[in-house]
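Peer 1: Start from chain A and add chain B according to the hints.
Protein chains: 2
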Amino acid sequence: MRKVAELGERKVIQVIINSLDKMPNMPVPFGDDVSAIKIGKTTLAVVKMDMLVGKTDVPPDMSLRQAARKAIVMNVSDFAAKGVKPIAALVSLGLPKTFNEENLKQISLGLNEGTREYGAYIIGGDTGEASDLVISCSLIGVCENQILVRRSTAQPGDIVAVTGEFGKTAAGLKVLLEKLKVPKEIQKPLTEAVFWPKARLKEGITLAQAGFLSSSIDSSDGLAWSLHELSVASDIGFTIDFVPLASEAIEFAKLFNLNPLNLGLYGGEEYELVVTVKREFWDKAKKAIENLGGKLIKIGEVTEEKRLIAKIGGETLPIEPKGWEHFKN
Amino acid sequence: MRKVAELGERKVIQVIINSLDKMPNMPVPFGDDVSAIKIGKTTLAVVKMDMLVGKTDVPPDMSLRQAARKAIVMNVSDFAAKGVKPIAALVSLGLPKTFNEENLKQISLGLNEGTREYGAYIIGGDTGEASDLVISCSLIGVCENQILVRRSTAQPGDIVAVTGEFGKTAAGLKVLLEKLKVPKEIQKPLTEAVFWPKARLKEGITLAQAGFLSSSIDSSDGLAWSLHELSVASDIGFTIDFVPLASEAIEFAKLFNLNPLNLGLYGGEEYELVVTVKREFWDKAKKAIENLGGKLIKIGEVTEEKRLIAKIGGETLPIEPKGWEHFKN
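Chains as they are written, first to last, in this note's numbering: chain A, 1 to 329; chain B, 1 to 329.
For reference, chain A alone in the conformation it holds in the complex:
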């Protein structure tokens, strides 16, 4: 009998889903970034639940305040991908018995920061004893059914774009986990990317409200994995001709003789949005995000052929469907 460590997170989820009765007419299918129930003729209540466990999700040197804030931000990022504003959060806290009042205050501070940064509030939850620090968050919001951008509706010819550069958190995690010595100028931006992740909520809401997107996902399991997920859900492929990399990630790759493209593609824990934009709206979409002070960077296009390839620097390479995975990593 296989252990969960052999199955990996994605098969674990499949085993669970296979045992469940399915809600008839689910407005958002299992496996999308959020879940939803119908609450009116055209209205959805949107919910999301994601858990942070100290042992696996909190790298060395990350403070409790940062970890708690991250537990919220990683949920907000999924709302961002769907274009939905979170209204409120609930939090279940599992606390080791040795935690003290100051630890608790730091966690609360981080939870509050994470929600308030994105306009939401914590309205409830519970707490109990656990061996690890466990921060399980759920978010709730409300939206019109046609606003919510699914994973499954990308069309061949659409432009695929991202909201920022990649590679910093992958490099930052390496610095922290492997205790690497790197020059100060890049050490700070790389580790800050890990400690203070940002969700692209404004960007996601703006693009979804305007109807510019045909599909969307966040890049929390890595850019390559996100593209893979979109391709499976929408039954399409991607040709990627540009992977925007942060200059600090390129610098880091040089220092340690790594392929910077791998940092950008297979990193994970990066909370950019990966969206497909209907071609006729591309200019408007790019402008709208720039008006917010953000970026919308074209990285390629949707193809009918269901394969993921990168055509970069005259070379054509397959993009492998791999990324961050619990139990396995």
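It is possible that part of the hints are untrue.
Copies of the same chain look alike in the list, so a pair counts if it fits in one copy or across any two.
As the list claims (entries may be wrong) - Within a straight-line C-alpha distance of at most 25 Å, the following computed BS3-like cross-link-like pairs (lysine-lysine) qualify: (1) K188 x K11; (2) K3 x K97; (3) K306 x K284; (4) K97 x K322; (5) K105 x K22; (6) K174 x K97; (7) K41 x K254; (8) K11 x K97; (9) K55 x K97; (10) K22 x K202; (11) K202 x K287; (12) K179 x K198; (13) K298 x K284; (14) K55 x K3; (15) K105 x K11; (16) K202 x K278.
In short, the hints are calculated from the structure, not lab data. In this text the structure is predicted, and so the values were computed from the model without any measurement.
Peer 2: Okay, now just chain B, sitting in the frame of chain A:
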């Protein structure tokens, strides 16, 4: 600096709440059985999140299937107390690496049973590695604002009632935790009460929809603690003249020379409803629950004087504000 083990669950929650910005005009205050957001002029989305941790919430001999089902039922019980039907659930699972596929299936089966028994479905969640088994559930439902029965609205003169007898789970937990030998006739009903808890959802919805209740809570932290919570929230007191005890709990108390009243009052993990009924509706309320095949048992009345007393068998005793508490128990 005090550790969480010294603070106890209730002070831990207070420390957290003190650090949070409060949502303006929260339709249900912090500390009630559920949380809610306004989604229409008179409509609420109701949410609840409660976490089960293997180490502290799963007694010996309870199966994974039973534990998973319980993780849902304990959340449903809070919805029951408010008179709200749960529509869907999300589940975050923390799994030890050693768990295998069969363990997973048993957990999924229990989660599915727990939701389907009460008409809800699991629509999402996530999973990750943890040292303990962690099952964090959140429920969502929708209701009219005036249907949701708060804790804070009991009035002097109201009748206080419960939906069943007490003492079985307290006795059952003792049997399991202390490995006590008891006669077969009572061993089964006592331990089954622990393994297969039931939420009084039909009862709660029926009473709330009809407008019979002035306040309500579930008894998951014990009858005495529930009365204490209602008394604080509503700024009233209770005179209790009857504590309905299960015959098996009385038998158990006799065998081990315990006061059966203590089993009934201070037990916890019992999912009955503790409600205050507007006096003019008492007969109708009792009838309505009997028509469902349930029980509504008068145990006393609400007093203006803010104290909890039991007047039983000619004696007057204080009911102490104590019950199950994480970190401390």
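Peer 1: Work down the list of hints and note, for each, if the structure agrees.
Peer 2: Hints, one by one, checked against the model:
no., hint, verdict
1, K188 x K11, "neither (36 Å within a copy, 37 Å between copies)"
2, K3 x K97, "between (29 Å within a copy, 7 Å between copies)"
3, K306 x K284, "neither (28 Å within a copy, 64 Å between copies)"
4, K97 x K322, "between (37 Å within a copy, 21 Å between copies)"
5, K105 x K22, "between (40 Å within a copy, 16 Å between copies)"
6, K174 x K97, "between (30 Å within a copy, 23 Å between copies)"
7, K41 x K254, "neither (55 Å within a copy, 58 Å between copies)"
8, K11 x K97, "between (33 Å within a copy, 14 Å between copies)"
9, K55 x K97, "both (16 Å within a copy, 12 Å between copies)"
10, K22 x K202, "between (32 Å within a copy, 23 Å between copies)"
11, K202 x K287, "within (14 Å within a copy, 54 Å between copies)"
12, K179 x K198, "within (24 Å within a copy, 51 Å between copies)"
13, K298 x K284, "within (13 Å within a copy, 66 Å between copies)"
14, K55 x K3, "both (19 Å within a copy, 20 Å between copies)"
15, K105 x K11, "between (37 Å within a copy, 12 Å between copies)"
16, K202 x K278, "within (19 Å within a copy, 48 Å between copies)"
Hints 1, 3 and 7 from the list above are not met by this structure, while the remaining hints are.
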